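Protein chains: 2
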Amino acid sequence: MADIRIAIVGYGNLGKSVEKLVKAQPDMSVAGVFSRRQSLDTDAQVWPVADFRKYVDEFDVAVLCLGSATDIPEQAPEFIRYANTVDTYDNHRDVPRHRAQMNEIARENGTVAIVSTGWDPGMFSLNRTMASAILPGAAQHTFWGPGLSQGHSDALRRIAGVHKAVQYTIPSPEALAAARRGEAGELTGKQAHLRRCFVVADEADRERIEHEIRTMPDYFVGYEVEVNFIDEATFDAEHTGMPHGGHVITAGDTGGFTETIEYTLELDRNPDFTAAVALAYSRAAHRLKEAGQSGAFTVLEVAPYLISPTPLEELVARDV
Amino acid sequence: MADIRIAIVGYGNLGKSVEKLVKAQPDMSVAGVFSRRQSLDTDAQVWPVADFRKYVDEFDVAVLCLGSATDIPEQAPEFIRYANTVDTYDNHRDVPRHRAQMNEIARENGTVAIVSTGWDPGMFSLNRTMASAILPGAAQHTFWGPGLSQGHSDALRRIAGVHKAVQYTIPSPEALAAARRGEAGELTGKQAHLRRCFVVADEADRERIEHEIRTMPDYFVGYEVEVNFIDEATFDAEHTGMPHGGHVITAGDTGGFTETIEYTLELDRNPDFTAAVALAYSRAAHRLKEAGQSGAFTVLEVAPYLISPTPLEELVARDV
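If you're matching them up, the sequences are chains X and A in order.
1 is the number of the first residue of the first sequence in our numbering; add one for each residue after it.
1001 is the number of the first residue of the second sequence in our numbering; add one for each residue after it.
So that you can see chain X by itself, here it is in the shape it has in the complex (with noise of 0.2 Å):
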């Protein structure tokens, strides 16, 4: 059987992983990197992406490693015109409109997207969903953590004076344990992670750049926030991993009986697991195309044997 054959739009460090795990699949190839950059440190074809539309016979699936805030609104749409996407919009509160307009798009193209593939939105949805389904009426948290937040270390960035930041969200261990005993209550993210900020900038601005962050509404304020001013070279060592994780718990009740169900990622580079998670559902989104379907789907939506590369009779024998 022919290689499904990825093309990878943008080359950050999404795009980039994406290039690397392409080549852990058994199935899979790349076809080919869109860019919006000329020439790129990489192997592969290289294609303006202003030129989407007419390299969409080379590629079955394009990955849109692309970012949430204005690059898959605005450029999603487009693209799914032409071809089939998976893509990993995190803009939670979007997402039923995102996936409302992606599927009259697909429909109408006879296309299909997968949207907010990776791990939240992604593996973690997948998990509340099923979770609350088997035990309902149980108590439901999603703790992020040990790890690095892209979105909150972006926001540091972007204060006045600040050169280099990276913050961590680290899940309260009391928290975990009231979760898994079904005694968290009605805990809200504030109180059960804190924020851990590393910050390079010059001394004379920290007063302000701290004062700037604990300030920051939806991202900082309400939270406990540790910031931590260290030097370049403390920051370079220690700081340029990109590690993530966390867990979704629910704890449900069974007539006196408490059934937790925990689902937990720990790992060492974010972008590589999240590109994991997208060229699975690359695999998903030929197959769902091949058998004639379009339109637009969650990971809620998609028989999960449909990620796999193994034949379903050996995935029954093997993992049933």
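To be clear, the hints were calculated from the coordinates, so they are not data collected in a lab.
A couple of the hints might just be wrong.
[What the hints assert, rightly or not] Just the calculated beta-carbon pair ranges, DEER-fashion:
1) Thr1240(A) <-> His92(X): 43 to 51 Å
2) Arg181(X) <-> Ala1069(A): 30 to 38 Å
3) Arg1036(A) <-> Leu194(X): 53 to 61 Å
4) Asp3(X) <-> Arg1036(A): 52 to 60 Å
5) Arg1036(A) <-> Glu108(X): 53 to 61 Å
A quick note: this is a predicted structure, and the numbers were derived from the prediction, not measured.
Backbone N, C-alpha and C define an ideal beta-carbon position, used for all residues, glycine too.
Start from chain X and add chain A according to the hints.
Below, chain A alone, put in the same frame as chain X:
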């Protein structure tokens, strides 16, 4: 929308759990209980299992709460002729044959069977398949316990002179830690678990019983086995619960980085959780049938949102 009407076939621990948990589901009701016995301690309608065919208009899905040793292989192929079924068939090696047989009969009769639900097989199967698909080439290990093993406890109770007995399976902490680091290698179930037995027996029989336990093939030979003889009062006070659980741990390498996926269940009452999963998949069976499908499906083949009582649009907004 009318409730999904559940028929319970068999009224042991699992059947009783299903009856209890239907009440927690917002869109289900118990239609009746099929049993060989004429009088059961239940408020539900009781029907003779021999008359299964007569009552098929009274319910939407039959949950087969029967043993996997002989009842399911003998009876499920008959039930599926007349009604949708969900079972918890747990003879792993025989699942492909069971699925194929149920699939053929279901297709001939326009019914839907979901086979081998529960947690292992069931949710653990699903996690094995998905984690392997996301992290190809990863090291994957399943650990069971700490928990009561019904099969091993039954095996103990079949030994002459054993009045009461339970067996707990306990994962080795060292093996768990190694699996999370992706360093557990070709660890077998025998290396990863301890089998702890509590037995009530007369003094005179104990030496022989312990010997019979330690030399019982498949069940105990090759495992680290601990045999504790205790008095009946201690047994009744401390060993009549049905805790269980376990872990599916998948650790993959993404080019020098370790990404670990762990799915953990911690269950106060094993049959309750098995029943909860079977009920969620009963919803899927009903929906697949309503959508015009027929055949046998494993959990790998069912799109996750189909097990949830919450409408898809709401799930996308809430969980993705």
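Quick rundown of the hints versus the structure:
1. Thr1240(A) <-> His92(X): 43 to 51 Å: 44 Å, holds
2. Arg181(X) <-> Ala1069(A): 30 to 38 Å: Given range 30 to 38 Å: holds, Cβ gap about 35 Å.
3. Arg1036(A) <-> Leu194(X): 53 to 61 Å: 58 Å, holds
4. Asp3(X) <-> Arg1036(A): 52 to 60 Å: With a Cβ separation near 55 Å, Asp3(X) and Arg1036(A) satisfy 52 to 60 Å, so the hint holds.
5. Arg1036(A) <-> Glu108(X): 53 to 61 Å: 57 Å, holds
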